[in-house]
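Please model the entire structure based on the sequences and the hints provided.
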Amino acid sequence: MATKKPFIISYGMEDISSSGVPFTFIEQIGAEDNEIDDPGMTPHRHGYYALGICTTGETCHMFDFERVVIQAQEMVLILPGQVHQAMPHYTSTGWLIAFTAEFLAGHPVHLPLVPPDKVKLSDADFAEVKTIAGLMKKQEAERGPHFVSILQNYLSVLLTLLQRNTCDRAEKPGPALLFRYRELLATHFREWTKPAQYAAALHISADHLNEVVKQHTGQTASSLITDRRVLEAKRLLLHAKESVKEIAWHLQFNEISYFNRFFKQHTGHTPAAFREAVREKYLSIPE
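Residue 287, in this note's numbering, is where the sequence shown stops; the numbers in between run on with no holes.
Keep in mind the hints are simulated off the structure, nothing from the lab.
Any given hint could be a false lead.
In silico DSSO-like cross-links for lysine-lysine, where the CA-CA straight-line distance does not exceed 27 angstroms [as the list claims (entries may be wrong)]:
#, residue 1, residue 2
1, 241, 5
2, 245, 118
3, 130, 118
4, 245, 281
5, 245, 214
6, 118, 138
7, 137, 214
8, 194, 138
9, 281, 241
10, 241, 214
11, 137, 120
12, 194, 264
13, 5, 245
14, 264, 245
15, 214, 194
16, 118, 137
17, 130, 120
18, 281, 264
Cβ pair distances, simulated, as ranges [as the list claims (entries may be wrong)]:
#, residue 1, residue 2, range
19, 207, 117, 28 to 38 angstroms
20, 207, 16, 18 to 28 angstroms
21, 207, 5, 17 to 27 angstroms
22, 187, 108, 16 to 26 angstroms
23, 280, 130, 34 to 44 angstroms
24, 134, 222, 44 to 54 angstroms
25, 156, 282, 28 to 38 angstroms
26, 105, 203, 13 to 23 angstroms
27, 69, 265, 29 to 39 angstroms
28, 160, 68, 31 to 41 angstroms
29, 254, 56, 43 to 53 angstroms
30, 246, 267, 27 to 37 angstroms
31, 180, 246, 23 to 33 angstroms
Using N, Cα and C, we set each Cβ at its ideal position, and we do this for glycine too.
Here it is in structure tokens:
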């Protein structure tokens, strides 16, 4: 049986690396006349983290519902599942470092649960980042003894520099339980709509889960589920070609009327009105 095509294209690590190591280093060189059929210019998401480093020029990307211009000496971290696309006519050079959470298992690095803002590096940090990136490129190309461990340590330094430059406004690291809950939420938000379902998978009570979530996020476990479902609905209404009814079924709403009420309750707009308004705003989705 053929696999059903996803509403939004998703790429796994196997699509960009055949080495078997959940890490790859890509050197990016922009041009005035970028190819419109470049896969990066189609709305898509990854099943891995992608750390972008701009060294010269600038590039414009759309991250979910925000256009972001990334300039020289700036870094950005794209999270698994985050919908994004590159805009045409970028002129930047830089690097993209793709990796999975498993690649950094055992390393004391905080991987954010929500997308952080881009960061402007100081001259000193930028010089250090360029040096480390050059060493990473060399290690991956040569693949000498213990090259994976070396890459893990270099990547840990880059992510720590990113965190240091966002520490005043980024989320603070929470307990492992919260991270596991957010991981489950990213995977099961369509079919698991009650906190008790996540609590059961985590072998804790729903009350304890709610207490931990509220203590570290200020929100209830239920509100995070709602937020995630609304976010996915917005992403699909903007980027997917499927009808509102098909999107409702994909998100496991049995009745389109229920989906309409749910979406309007949490956004103030019907799905159809939101789709029309957001597509008119971004002018990037062909009919």
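Hints, one by one, checked against the model:
1. The suggested pairing of residue 241 with residue 5 holds, with an alpha-carbon distance near 12 angstroms, which does not exceed 27 angstroms.
2. With a CA separation close to 35 angstroms, the supplied pair residue 245 and residue 118 exceeds the 27 angstroms bound.
3. Annotation: proposed proximity of residue 130 to residue 118 holds, straight-line Cα distance about 17 angstroms (limit 27 angstroms).
4. Annotation: proposed proximity of residue 245 to residue 281 holds, straight-line Cα distance about 23 angstroms (limit 27 angstroms).
5. A hinted pair counts as satisfied when its Cα atoms are at most 27 angstroms apart, and residue 245 with residue 214 does not qualify at roughly 33 angstroms.
6. As the CA atoms of residue 118 and residue 138 are separated by approximately 26 angstroms, the hinted pair is consistent with the 27 angstroms bound.
7. For the proposed pair residue 137 and residue 214, the alpha carbon gap of about 42 angstroms is over 27 angstroms, so the pair is violated.
8. For a cut-off of 27 angstroms, the pair hint linking residue 194 to residue 138 is broken: about 48 angstroms separates their Cα positions.
9. Note on residue 281 and residue 241: the hinted pairing holds, with a Cα-Cα distance of about 17 angstroms set against a maximum of 27 angstroms.
10. Restraint check for residue 241 and residue 214: the C-alpha separation of about 36 angstroms exceeds 27 angstroms, so the hint is violated.
11. About 22 angstroms separates the Cα atoms of residue 137 and residue 120, which keeps this hinted pair within 27 angstroms; it holds.
12. Only pairs whose Cα atoms come within 27 angstroms are accepted, and residue 194 paired with residue 264 is accepted, the gap being roughly 20 angstroms.
13. For a cut-off of 27 angstroms, the pair hint linking residue 5 to residue 245 stands: about 17 angstroms separates their Cα positions.
14. As the CA atoms of residue 264 and residue 245 are separated by approximately 15 angstroms, the hinted pair is consistent with the 27 angstroms bound.
15. With a C-alpha separation of about 15 angstroms, the suggested pair residue 214 and residue 194 falls inside the 27 angstroms cut-off, and the hint holds.
16. As the CA atoms of residue 118 and residue 137 are separated by approximately 22 angstroms, the hinted pair is consistent with the 27 angstroms bound.
17. A threshold of 27 angstroms between alpha carbons decides the hint, and for residue 130 with residue 120 the separation of about 14 angstroms falls inside it, so the pair holds.
18. Between residue 281 and residue 264 the CA atoms are separated by roughly 19 angstroms; this keeps the pair inside 27 angstroms, and the hint holds.
19. Restraint check, residue 207 to residue 117: a C-beta distance of roughly 34 angstroms satisfies the suggested window 28 to 38 angstroms.
20. For residue 207 paired with residue 16, a C-beta distance near 42 angstroms fails the hint of 18 to 28 angstroms.
21. Against the hinted window of 17 to 27 angstroms, the Cβ-Cβ separation of residue 207 and residue 5 comes to about 41 angstroms, which falls outside the hint.
22. Checked against the hint of 16 to 26 angstroms, the C-beta distance between residue 187 and residue 108 comes to roughly 24 angstroms, which is consistent with it.
23. Hint check: residue 280 to residue 130, Cβ distance near 41 angstroms, so the stated range 34 to 44 angstroms holds.
24. Taking the beta carbon of each, residue 134 and residue 222 are about 47 angstroms apart, inside 44 to 54 angstroms as hinted.
25. With their beta carbons about 36 angstroms apart, residue 156 and residue 282 fall inside the hinted range of 28 to 38 angstroms.
26. Checked against the given bound of 13 to 23 angstroms, the beta carbons of residue 105 and residue 203, roughly 21 angstroms apart, stay inside it.
27. Between residue 69 and residue 265 the beta carbon distance is about 34 angstroms. The supplied range of 29 to 39 angstroms therefore holds.
28. Between residue 160 and residue 68 the CB atoms are about 22 angstroms apart, so this pair departs from the stated range of 31 to 41 angstroms.
29. The hint said 43 to 53 angstroms for the Cβ distance between residue 254 and residue 56, and at roughly 52 angstroms that hint holds.
30. Distance hint check for residue 246 and residue 267: the Cβ-Cβ separation is about 19 angstroms, which falls outside the suggested range of 27 to 37 angstroms.
31. With their beta carbons about 31 angstroms apart, residue 180 and residue 246 fall inside the hinted range of 23 to 33 angstroms.
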